[in-house]
Amino acid sequence: MRFTRRAAIAVVGVAALLTASACGSSDDGGDGGSGSKKVEVFTWWADGGEKAGLDGLVAQFGKDCAGQEFVNGAVAGGAGANAKQVLASRLQQKDPPDTFQAHAGAELGDYINAGQVEDLSADYDTWGLKTAFPQGLIQNLTVDGKIYSVPANIHRANVVWTNKKVVADAGITSDPTDLASFIADLDKVKAKGIAAPLAIGKDWTQLMLFESVLITDLGADKFTGLWNGKTDWNSAEVTKGINDFKTLLTYTNKDRDALDWTDAEKLVMDGKAAYQLMGDWEAADLDAKKFADYAWFTFPGNGTTFQWLADSFVLPTGAKNAEGTKCWLKTVGSADGQKAFNTKKGSIPARTDAVPADYPKYQQAAMADWKSATQVPSCAHGSACTQGWQGAANSALGAFSSNQDVAGLQKALAAAASQFVKK
Numbered sequence: 000m001r002f003t004r005r006a007a008i009a010v011v012g013v014a015a016l017l018t019a020s021a022c023g024s025s026d027d028g029g030d031g032g033s034g035s036k037k038v039e040v041f042t043w044w045a046d047g048g049e050k051a052g053l054d055g056l057v058a059q060f061g062k063d064c065a066g067q068e069f070v071n072g073a074v075a076g077g078a079g080a081n082a083k084q085v086l087a088s089r090l091q092q093k094d095p096p097d098t099f100q101a102h103a104g105a106e107l108g109d110y111i112n113a114g115q116v117e118d119l120s121a122d123y124d125t126w127g128l129k130t131a132f133p134q135g136l137i138q139n140l141t142v143d144g145k146i147y148s149v150p151a152n153i154h155r156a157n158v159v160w161t162n163k164k165v166v167a168d169a170g171i172t173s174d175p176t177d178l179a180s181f182i183a184d185l186d187k188v189k190a191k192g193i194a195a196p197l198a199i200g201k202d203w204t205q206l207m208l209f210e211s212v213l214i215t216d217l218g219a220d221k222f223t224g225l226w227n228g229k230t231d232w233n234s235a236e237v238t239k240g241i242n243d244f245k246t247l248l249t250y251t252n253k254d255r256d257a258l259d260w261t262d263a264e265k266l267v268m269d270g271k272a273a274y275q276l277m278g279d280w281e282a283a284d285l286d287a288k289k290f291a292d293y294a295w296f297t298f299p300g301n302g303t304t305f306q307w308l309a310d311s312f313v314l315p316t317g318a319k320n321a322e323g324t325k326c327w328l329k330t331v332g333s334a335d336g337q338k339a340f341n342t343k344k345g346s347i348p349a350r351t352d353a354v355p356a357d358y359p360k361y362q363q364a365a366m367a368d369w370k371s372a373t374q375v376p377s378c379a380h381g382s383a384c385t386q387g388w389q390g391a392a393n394s395a396l397g398a399f400s401s402n403q404d405v406a407g408l409q410k411a412l413a414a415a416a417s418q419f420v421k422k
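Once you know that position 316 of the sequence shown is 315 in numbering that gives the first Met the number 0, the rest is easy, because the numbers rise by one and skip nothing.
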């Protein structure tokens with residue numbers, strides 16, 4: 000992947016944040032010591048609908064945890080790319096925030112194996128979360144009989160967002176249900192002068208699109224098998240998936256490797272693209288940006304498959320204010336906290352007692368699908384794979400974005416699986 004000016008700025012920004020984190024670890028009258036009442040909450044929710052969701056949760060925290068002070072440790076960057084670098088450095092230096100955002104599922108294994116997060120199983124019992132969350136989610140959160148995180152939400156990854164005017168101007172009157180019809184629609188949009196009808200960004204956003212293609216070509220069970228070792232990455236079905244993904248890339252913007260997801264989203268908002276594959280946080284972001292002329296559909300061929308991910312929070316080992324952190328975590332898992340957060344974030348509550356009428360139109364549809372659809376995890380967002388595996392997949396796709404080497408990508412993905420899949 001080429002080193003862009005945007006990338007250079009990001010590296011400089013991360014370096015500055017690392018310096019600030021190191022400086023901030025000293026005792027400045029409240030951040031350190033057992034008597035601290037400050038709760039530093041480390042996330043990558045810095046803008047748009049994500050920031051709005053965090054603000055809602057913080058307001059509820061203020062009601063639930065009087066005397067505790069929220070400290071915003073957000074580091075901007077889609078999917079936490081920058082935040083994870085800063086966090087890794089702080090954890091290595093034994094200077095953890097009081098709590099940090101992490102994707103529930105396999106991604107947490109890195110922190111658990113390193114002894115960097117605490118067991119919350121007893122708190123789950125105290126707070127009633129084992130009955131509030133669906134049993135399937137509890138099983139996904141449990142590692143060797145213990146639970147280490149509290150999910151704030153459930154997101155859906157395999158959603159296509161559209162600019163309704165651009166789609167209508169191309170004469171498209173119904174949503175595509177398979178790849179062939181989707182490609183035909185992309186051709187219709189292109190014929191109207193839109194050079195890149197499918198907007199996309201860098202590495203992890205390309206992994207999201209690739210995963211959706213694989214769900215279509217392999218089906219839910221075989222797709223899940225890619226991450227647990229039951230499906231062979233060298234199969235002909237995966238080869239087909241890579242070729243289909245390669246075809247879709249021909250309809251995307253040439254500057255894709257330089258863009259974050261919000262940059263690609265802007266192409267849709269500005270009418271320079273018709274479609275974008277992105278998680279359903281896009282609904283909240285579009286709403287926050289006052290863009291109303293959008294619609295959505297499940298990625299063509301995914302049928303009733305719901306590709307899930309969950310943003311969760313943990314209690315880091317050595318947190319300065321464990322008492323305040325536990326109050327934050329209790330709020331995150333509470334009915335009021337999840338309502339305050341998810342109505343603004345674009346996601347749906349992890350709890351089963353949420354009232355659909357409290358939510359906007361998209362979330363109501365997602366809540367219904369979550370109950371009935373086949374659930375599969377996401378590697379791009381950590382529910383299917385560890386951070387190491389995710390990084391290997393992103394690197395392989397970054398190379399593929401330039402070289403278009405189908406055999407090379409399949410070989411790299413098979414090698415990553417052989418390295419990271421649990422035997």
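Incorrect hints may appear among the rest.
List time: in silico DSS-like cross-link candidates among lysine-lysine, alpha-carbon distance up to 25 Å [claimed, not checked]: (1) Lys239 with Lys265; (2) Lys164 with Lys410; (3) Lys421 with Lys50; (4) Lys93 with Lys189; (5) Lys289 with Lys265; (6) Lys62 with Lys50; (7) Lys329 with Lys50; (8) Lys253 with Lys187; (9) Lys187 with Lys164; (10) Lys163 with Lys239; (11) Lys239 with Lys410; (12) Lys253 with Lys163; (13) Lys36 with Lys229; (14) Lys289 with Lys50; (15) Lys164 with Lys37; (16) Lys62 with Lys329; (17) Lys338 with Lys37; (18) Lys145 with Lys93; (19) Lys164 with Lys145; (20) Lys265 with Lys288; (21) Lys93 with Lys245; (22) Lys164 with Lys189; (23) Lys50 with Lys265; (24) Lys271 with Lys288; (25) Lys410 with Lys360; (26) Lys370 with Lys164; (27) Lys360 with Lys289; (28) Lys338 with Lys288; (29) Lys163 with Lys129; (30) Lys50 with Lys288; (31) Lys129 with Lys410; (32) Lys163 with Lys145; (33) Lys37 with Lys329; (34) Lys191 with Lys164; (35) Lys253 with Lys229; (36) Lys164 with Lys265; (37) Lys253 with Lys239; (38) Lys245 with Lys189.
These are calculated hints, taken from the structure and not from any lab test.
Note to self: Check the structure against each numbered hint from earlier and tell me which ones fail, lowest number first.
What the structure shows: 1, 2, 3, 4, 10, 13, 15, 19, 21, 25, 26, 29, 31, 32, 35
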